[in-house]
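The primary structure of each chain is shown beneath.
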Amino acid sequence: MAAYDRELEDGGPLGRTLLNEPVVMFKDSSGKAIALEDRCCHRHLPLSLGQVVGDNLQCGYHGLEFDSSGTCVGVPGQSMVPPGAGVVSYPFVQRHGFCWIWMGDPAQADHSLIPDWWWVEDPRWAYNTGAFLQIKCHYELITDNLLDLSHLGYVHTKTIGNSAIVDFPVRTERLNEKVRMSRWIQDRPPPPLYRAGMKNEDNVDRWQIVETEPPGHTVVYAGCGPVGAGDFGGPNEYAEGIRLRALNAPTPETENSTFYFYSHVWDFRIDDADWKKQMYDDFLMTFMEDFEILEAQHASIQRDVTRELIDLNVDAPGIAARNLVSEKIATENTIDAQ
Amino acid sequence: MAAYDRELEDGGPLGRTLLNEPVVMFKDSSGKAIALEDRCCHRHLPLSLGQVVGDNLQCGYHGLEFDSSGTCVGVPGQSMVPPGAGVVSYPFVQRHGFCWIWMGDPAQADHSLIPDWWWVEDPRWAYNTGAFLQIKCHYELITDNLLDLSHLGYVHTKTIGNSAIVDFPVRTERLNEKVRMSRWIQDRPPPPLYRAGMKNEDNVDRWQIVETEPPGHTVVYAGCGPVGAGDFGGPNEYAEGIRLRALNAPTPETENSTFYFYSHVWDFRIDDADWKKQMYDDFLMTFMEDFEILEAQHASIQRDVTRELIDLNVDAPGIAARNLVSEKIATENTIDAQ
Amino acid sequence: MAAYDRELEDGGPLGRTLLNEPVVMFKDSSGKAIALEDRCCHRHLPLSLGQVVGDNLQCGYHGLEFDSSGTCVGVPGQSMVPPGAGVVSYPFVQRHGFCWIWMGDPAQADHSLIPDWWWVEDPRWAYNTGAFLQIKCHYELITDNLLDLSHLGYVHTKTIGNSAIVDFPVRTERLNEKVRMSRWIQDRPPPPLYRAGMKNEDNVDRWQIVETEPPGHTVVYAGCGPVGAGDFGGPNEYAEGIRLRALNAPTPETENSTFYFYSHVWDFRIDDADWKKQMYDDFLMTFMEDFEILEAQHASIQRDVTRELIDLNVDAPGIAARNLVSEKIATENTIDAQ
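Protein chains in written order, with this note's numbering: chain V, 1 to 338; chain R, 1001 to 1338; chain F, 2001 to 2338.
Next up, chain V with everything else stripped away, as it sits in the complex (with noise of 0.2 angstroms):
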């Protein structure tokens, strides 16, 4: 994920680092959005620093244009375009209300991989889109932390955090190419959140269900309906009561930094303008308080990335997660070899 869709209303271009690469984006003059190499082919300025010349984004130095394939199509001051210059191309979609870009060999780019978050454009579904958030940590420590409940207790405790609920247990699955963490409570009183959807003050059953998929899109399931008005513990959740999804994609700038891309939908209260901006602010609120220990935690691993980690039960969703990806890699590094 490389943008919110809201950061291209403008047009462009949007210069930004993506896995360590320079990237640029813009929408021609159909409004159809394109991402190039953020580097001018003739002396490297950058691209975003240019301008939308019609269908083509034109460099801010000496007026090179470049088509959306990344070609170059005119010099100003001469006939010809120099063979070979160009710049990278990559294949770009607009959906869900996020820009998905595939930095990899564009003949593997399919589009089917992108998550189906088809409650963003549901009229069913209230919509948040998120906050613009820049992180100096590596992006694994962030699924590590949508993946772990355990930490509520402690990091979120002028916020979301809940003790009462520690006592249920987590249950993780590994499914063929996610990983499924769940946990059920039973027969409690709503918290604050569900209580303002629910038409009663009555105890309800409780979900909060994650998966995530590499090489981080992770949704998280959670709601609440009336005590026992469902399967219990199962794989789907009831089909009475409220449900709010988070849709998190965090996205590496670098080793060291990562651009949180985030969402939130919800079915309940979702005229309620009030409401929406009370979600805005209270999810943002919440994690800004896992902003501070990410990137403290972040300088503290790179201070000595040899020092070892010792694992806990509430690792299991986190260090499945790891494993994805890490085989994920691997089997790419294979393809890539022959």
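Warning: the hint list may mix true and false statements.
The following label-pair restraints were derived from C-beta to C-beta distances [to be verified]:
#: 1; chain 1: R; residue 1: GLU1295; chain 2: F; residue 2: GLU2255; range: 22 to 32 angstroms
#: 2; chain 1: F; residue 1: ASP2274; chain 2: V; residue 2: VAL93; range: 53 to 63 angstroms
#: 3; chain 1: F; residue 1: PRO2106; chain 2: R; residue 2: ALA1107; range: 54 to 64 angstroms
#: 4; chain 1: R; residue 1: SER1069; chain 2: V; residue 2: ARG174; range: 44 to 54 angstroms
#: 5; chain 1: V; residue 1: ARG188; chain 2: R; residue 2: ALA1107; range: 48 to 58 angstroms
#: 6; chain 1: R; residue 1: GLU1295; chain 2: F; residue 2: LYS2277; range: 37 to 47 angstroms
Since the hints were derived computationally from the structure, they do not count as laboratory data.
A quick note: this is a predicted structure, and the numbers were derived from the prediction, not measured.
Glycine included, every Cβ here is placed at the ideal spot set by N, Cα and C.
Dock chains R and F against the given chain V, drawing on the hints supplied.
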């Protein structure tokens, strides 16, 4: 020296890099001071971001608790503590207004090696703890500075500089575990600092004696007395007159930065709060003049560490002190290798 | 070029890194300018933190004094100066409003190699000294920029950009020790800058001639005259008309940063103070547009110095100038090796 006592008054935790290692200090429920490695063994968050819980330090991410020995004694959500879970613990003593820790082999920790700066606790002496100063220089540059009185006329022209004294010779002695530098000034008018403590305006005999012991504990003994009232130039200060000691302990944060801990004691005007305040301000202002020099000097040395330094006569005490430190390090390394 | 004359008006000392070496400049009691290594031979404090004492520069730490040859001529507190005590001295000339020093073999210093920018002292020309600019780029990027008129229409759209002239060809000549680039524009309306200097609104013939010699001394000769009043496209400017010269000397601070020294002279409206002010502001504003480009370009090149640069026709002068510098360096290295 790891901190001023006052920095731990709130119980901590207080995180700080010392000798390139992360250290956290806190007090248990009895007020006993403890120093641990500032890095949780689980996911490496600095423990200084956590909180003191009873006698233990609790990690701010997942709630692991560590006792005064650094042993992990509790992991929320699981009954067993993983084998080997723990962090380094450092012997810790609070004495003379300072926190002292030992970061070498714990078996070699020897409280008797802490310098006896008894004046701090003696009611016949007034006492000022120093300012918190973090300097971008190697700690031995500070020892050099303290052992060198010849810079006063150039660096401290606005504060304590006094060219009248440069004609009196400096004597350097290498004692068993110390370097001692002394200068005696005969029958001169007292400088402003001393005039405020003497009962009259008569000329005085003055002494400036600096003793330093590895790694960088340096006491400046300064004072004056009536002309001829004692053994001028001898090993002891006059019994009559006024006395002042500057207690110094520059401690390396890294190779390129140092915490400069210090305090002052004096035996005149000991109940005068204005004088106490003026002593604090004057010494701080004087040191701020050194501060600028030391940082510029360190940066200049680091530009090219292969370049020769030309030695002068005034460098004899500093060189002797550096030799003493080098010998201690060589001895320790020999012991370690056995 | 090490500084503007005006920077030494107070006598110094003025410390500055040039070619990665620390340099300090000051004036002796007769006003003669001196350049020394900015690092005391004793304990390496930059001498620029000291002060000028008579004809010497005195270190701000221990008072060592250095004469114009860099020899240490005095050590406070000891009668003998240690053998070898001294710092490097650099040949120094003030000329044309600039300070010129020679940091190579002193025996090779040759004042006649200083470019003859006589207009600065000639009362028939008005003169503006430049702003102090420190740019995070390699100095040759500035030479490239000065030799390249094709960027005007992209970088300087808010100031001097003018697409009307791109149709006129550029001619590049490699002279013995110079690269000369010229463009002549025939029978066009004068741009605003020239309209202010001509007596009427008639069309003009214009010239833009840029001469650069190693390492990066570049003069821009620009002007215009009545249509057909001279040898259009010839080696000389028209005798009739108005003339302007931009004198440029980007000097490396390090491989990644440059001091950009410059000044302007012109032979019209020479007594008009408002015009002089406007010339200063307009040229500075124009260069600030380049400033942003040059820093972004340098950072982008440094991201991956192994990446190829594609050359265009407009790069011919810049490439020729770089070749000239490379040849000089190769020649010097050959001489050094003999």
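(request) Mind checking the hinted window 54 to 64 angstroms against the Cβ distance between PRO2106 (chain F) and ALA1107 (chain R)? (result) holds (60 angstroms)
(request) Just tell me: holds or violated, for the beta carbon distance of GLU1295 (chain R) and LYS2277 (chain F) against 37 to 47 angstroms? (result) holds (40 angstroms)
(message) I want to verify a distance hint. Is the separation of the beta carbons of ARG188 (chain V) and ALA1107 (chain R) within 48 to 58 angstroms?
(response) holds (52 angstroms)
(message) For the hint 22 to 32 angstroms, verify it against the beta carbon of GLU1295 (chain R) and that of GLU2255 (chain F).
(response) Cβ of GLU1295 (chain R) to Cβ of GLU2255 (chain F): about 24 angstroms, so the range 22 to 32 angstroms holds.
(message) Given the hint of 44 to 54 angstroms, is the C-beta distance from SER1069 (chain R) to ARG174 (chain V) inside that range or not?
(response) This hint is violated: roughly 38 angstroms between Cβ atoms.
(request) Please test the hint of 53 to 63 angstroms on the beta carbon pair from ASP2274 (chain F) and VAL93 (chain V). (result) holds (57 angstroms)
Taken one by one, the earlier hints fail for this structure only at number 4.
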